[in-house]
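Here's the letter readout for the chains.
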Amino acid sequence: MLPKLAWLLVALAGAAAWGVLALHRGETVSAAWLVLAAVGTYLIGFRFYSRFLAEQVFGLNDRRATPAERLTNGRDFVPTTRWVLFGHHFAAIAGAGPLVGPVLAAQFGYLPGTIWIVFGVVFAGAVQDFIILFGSMRRDGKSLGQMAKEETGAVTGVLAMLAVLAIMVILLAVLALVVVNALKDSPWGVFAILCTIPIAVLMGFWMKVWRPGHTLEASAAGVVLLIASLIGGRYVAESATLAPLFTWSGLTLAYAVIGYGFVASVLPVWMLLCPRDYLSTFMKVGTILLLAFGILLVLPPLRMPAVTRFVDGTGPIFAGKLFPFVFITIACGAISGFHALVASGTTPKMLTRESDARLIGYGGMLMESFVAVMAMCAAALLDPGVYFAINAPLATLGGTAASAAEVIRGWGFTLTPEQITGLARAVGEQTLLGRAGGAPSLAVGMAHILSGAFGQSLMALWYHFAIMFEALFILTTVDTGTRVGRFMLQEVVGHLWEPLGRTSWYPSTILASAAVVAGWGYFLVQGVMDPLGGINSLWPLFGISNQLLAAVALCVGTTILIKGGKGRYAWVTLVPLAWVLLVTLTAGWQKVFADDPRLGFLAHAAVTADQIATGAMDPARGARLIFNDRLDAVLAITFMVVTVLVVAASAREWVLVLTRRKPATVKEAPFVETAYAG
Amino acid sequence: MPGDRARLLQRIISAVRAVAGMPDYQAYVAHLRRCHPERPVPSERLFYDEFVKRRYGDGPTRCC
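Chains as they are written, first to last, in my numbering: chain A, 795 to 1472; chain B, 219 to 282.
Any given hint might turn out to be false.
What the hints assert, rightly or not - Mimicking DSBU-like on lysine-lysine, the simulated pairs with C-alpha atoms at most 35 Å apart in a straight line are:
| hint | chain 1 | residue 1 | chain 2 | residue 2 |
| --- | --- | --- | --- | --- |
| 1 | A | K943 | A | K1461 |
| 2 | A | K943 | A | K1456 |
| 3 | A | K1461 | A | K798 |
| 4 | A | K943 | B | K271 |
| 5 | A | K1461 | A | K1115 |
| 6 | A | K1461 | B | K271 |
Stated by the list, open to error - Ranges between beta-carbon positions, derived for each pair:
| hint | chain 1 | residue 1 | chain 2 | residue 2 | range |
| --- | --- | --- | --- | --- | --- |
| 7 | B | R225 | A | G1026 | 56 to 62 Å |
| 8 | A | L802 | B | R229 | 46 to 52 Å |
| 9 | A | G1192 | B | R229 | 39 to 45 Å |
| 10 | A | A805 | B | Q228 | 58 to 64 Å |
Keep in mind that the hints were calculated from the coordinates and are not lab data.
Computed from a predicted structure; not experimentally measured.
Here a beta-carbon is modelled for each residue, glycine too, at the ideal position from N, C-alpha and C.
Starting from the given sequences, assemble the full structure and let the hints guide the process.
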């Protein structure tokens, strides 16, 4: 009786918090309501929905030995305590995505994004992660691509592979663009990030050559050096001789990131990639805990309105109406197809008991969603005027604080030029104007929270701490992603000419790395030069591609359910699949064919062609813009076609099984009784 | 008890390592002794090299 009463209280508290958020009309509302609404909903979702999934739908069975038990080898198949594995899984799925998306989506106000983050995760994102983890656990830890191939046929498998490669290119380009926008003309930030490279190399030699295997010791030293270089960055920024050396333009930074990606992909892993991975994991987990602590301590008032006027599609950061674009802009945090790759990677090989998959698959994703809610809080606590000054493209704002304040007042927000220059000075930057991409406004928000919690005088240090932390793990995604892309490319071209497929053959490695880097590097450079700010075209493409991968994962999940004789429960994946398809295809269609030149790629190409014809645009620059518009359009159409093909191939399979023209058998590993005590 | 405290510290260290996805040489040696006593035990350096190779050999390990 008592537990029932407690759950009723949780439900009522969550519902009351949603009520406050929805009905509040006034100056500000405390972030406490946002946190309470989210946490209340997560608890109810975890306690009831994930239990229903675990017991009724998947039939998790603790008498069945997991791959970690049956195939234990002390290396990758290792039974792991569930809270430790929860931490491991969370560190692997959470990255820049859940931090950047909500900040950009705050353009619509805090409420629409928060509703999608919280309810999206309970009914879609966490279900996807859970079912893929479950499927992979029952198949000895097979990858998403292998499961797609075995359960729905070779065509789906190949399409899934291609989808992953395409997503990787867009993902790396857009994340690199976020870093470039955060670091351009910022000597403090550039210095700190450059220092991470020698620090990582030092750690690499420490762990491999000087004291083999002492990974924790080397990482601790790395973290200390990182903080030291962050503090040192202030002196670099204030020094008249050093500051110009580290003041880089957007384009210079873009080429530097491209060069870095190439070198990291070609060098031995132990030297750069692996130590950076450890460094960024510790920084990530540490900073997220710090941020959660800070938000709970400060409970800042949210100055952003619940809903802004930009739901009509005229927003300066990215074009497009609330539907479907809030669901595309926030991918990670609500549903992220990319997780399907991690949930079918190392984690399923480490589960001790089948029932642990519920906490780790479903619960881990709830935790990432909470990170997204915190990012939303950090963006919404800023004055809306300041938020738009940081995130709107420079071309819209004009180059000066006075012109920016003028434009933003025109949108109905209050902002004085002194406010924006004063803030830039407070965080130790020349300017904060036009830094689209989410990272700088998140850093300003985090600096507010952390200096509120731990002392006001350190605002500039906290700002650069936040910038460094984001740039650090974005660059870690860039280097690991480039490497993964290189392997996939080598596998594909290896079918054409065998030596190219050898991952240890140096010419092949160099060629494949260069090809992958050139792929995302091209989009990055065009994004930096884009007059609309790059994020406007690249972020929606990333969102669409990530949701497309989610659709593939949900198709695989549905197939697993139907073939496993659980067809009556297939709605648990079919409903989110239908929703993801609806938003992805609508958004993709609008990005390609909308008449508004800010929204539609083809309309923008047409307007540019007119400008060239009337002499308003330099022909060479115009031709480049038109080419990019068409390339983006082709990409969006390709994503949509691949999605439709995968869904069609899967649906055919479902119909065959449900009408008994094909046997309902799954390719699970056979049942083995566990040796663990019950 | 100093022994208890040392054991607790060991457990915390191995948990932190596992969260970051770091290799655990001691656990591997214990596994070899238990399950495959006939196999030679690799040096810590060799173990680390192979671990890194396997971990970054295929598939993404990190999300966006």
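| message | Check whether the Cα positions of K1461/A and K798/A lie no farther apart than 35 Å. | response | Not satisfied, since the Cα-Cα distance of roughly 39 Å exceeds 35 Å.
| message | Can you confirm whether the C-alpha distance between K943/A and K271/B stays at or below 35 Å? | response | holds (26 Å)
| task | Could you grab the alpha-carbon distance between K943/A and K1456/A and see if it respects the 35 Å cut-off? | result | Cα-Cα ~17 Å, so holds.
| query | Is K1461/A within 35 Å of K271/B, Cα to Cα? | reply | Distance ~29 Å between K1461/A and K271/B Cα, so the pair holds.
| query | When you check the alpha-carbon spacing of K943/A and K1461/A, does it fall within 35 Å? | reply | Holds, because 11 Å separates the two Cα atoms, which is no more than 35 Å.
| query | Per the hint of 46 to 52 Å, is the separation of the Cβ atoms of L802/A and R229/B within bounds? | reply | violated (38 Å)
| request: Can you let me know if the beta-carbon spacing of G1192/A and R229/B is within 39 to 45 Å? | output: violated (59 Å)
| field | Range hint 56 to 62 Å (beta carbons of R225/B and G1026/A) holds or violated | value | violated (39 Å)
| said: Next pair to validate is K1461/A with K1115/A; report whether the Cα-Cα distance is within 35 Å. | reply: violated (43 Å)
| field | A805/A versus Q228/B beta-carbon gap, inside 58 to 64 Å or not | value | violated (42 Å)
Checked against the numbered hints listed earlier, the structure breaks hints 3, 5, 7, 8, 9 and 10; every other hint is satisfied.
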